[in-house]
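If you read the sequence shown in full-length UniProt numbering, its first letter stands for residue 1, the second for the next number, and so on.
No wet-lab data here; the hints were simulated from the structure.
Using N, Cα and C, we set each Cβ at its ideal position, and we do this for glycine too.
Honestly, I wouldn't trust all of these hints.
[Claimed, not checked] Ranges between beta-carbon positions, derived for each pair:
id: 1; residue 1: Leu23; residue 2: His43; range: 25 to 35 Å
id: 2; residue 1: Arg8; residue 2: Ile46; range: 55 to 65 Å
id: 3; residue 1: Leu33; residue 2: Leu9; range: 33 to 43 Å
id: 4; residue 1: His43; residue 2: Leu9; range: 49 to 59 Å
id: 5; residue 1: Val13; residue 2: Ile46; range: 41 to 51 Å
id: 6; residue 1: His38; residue 2: Ala6; range: 44 to 54 Å
id: 7; residue 1: Ile46; residue 2: Leu23; range: 31 to 41 Å
id: 8; residue 1: Ser4; residue 2: Ser24; range: 43 to 53 Å
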Amino acid sequence: MGASKAGRLIWLVLIVLQSLSSLSFFLYTYTYLITVSHIIHTHTHIIHHAYIYISSSFIDYNNSVFGPESMGGVASLAFCFVVKGSGGLALEV
Numbered sequence: 001m002g003a004s005k006a007g008r009l010i011w012l013v014l015i016v017l018q019s020l021s022s023l024s025f026f027l028y029t030y031t032y033l034i035t036v037s038h039i040i041h042t043h044t045h046i047i048h049h050a051y052i053y054i055s056s057s058f059i060d061y062n063n064s065v066f067g068p069e070s071m072g073g074v075a076s077l078a079f080c081f082v083v084k085g086s087g088g089l090a091l092e093v
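Produce the complete structure using the sequences and hints provided.
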């Protein structure tokens with residue numbers, strides 16, 4: 001009779017451990033997917049702003065004293081990646 005209770009207890013512990021393992025795997029996968037999604041979104045946002053800056057620098061080349069428009073296309077791309085990539089503020093056009 002004691003062996004039966006011990007066997008049930010072992011099965012109960014194994015089921016709980018398996019449930020925790022499944023839960024931790026789910027949370028790890030969910031966190032990983034959220035992180036990848038955030039990285040893709042951030043890079044898409046940076047590339048979108050780089051395109052806007054490059055376009056505006058070619059359209060309004062001498063329209064601004066400060067900002068990427070006065071720097072030209074390649075410099076504005078670098079400016080965008082430095083400012084937006086560092087998590088700081090960027091000039092909006």
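Inset, instruction - Identify every previously stated hint that the structure contradicts and give their numbers, smallest first. - result: 8
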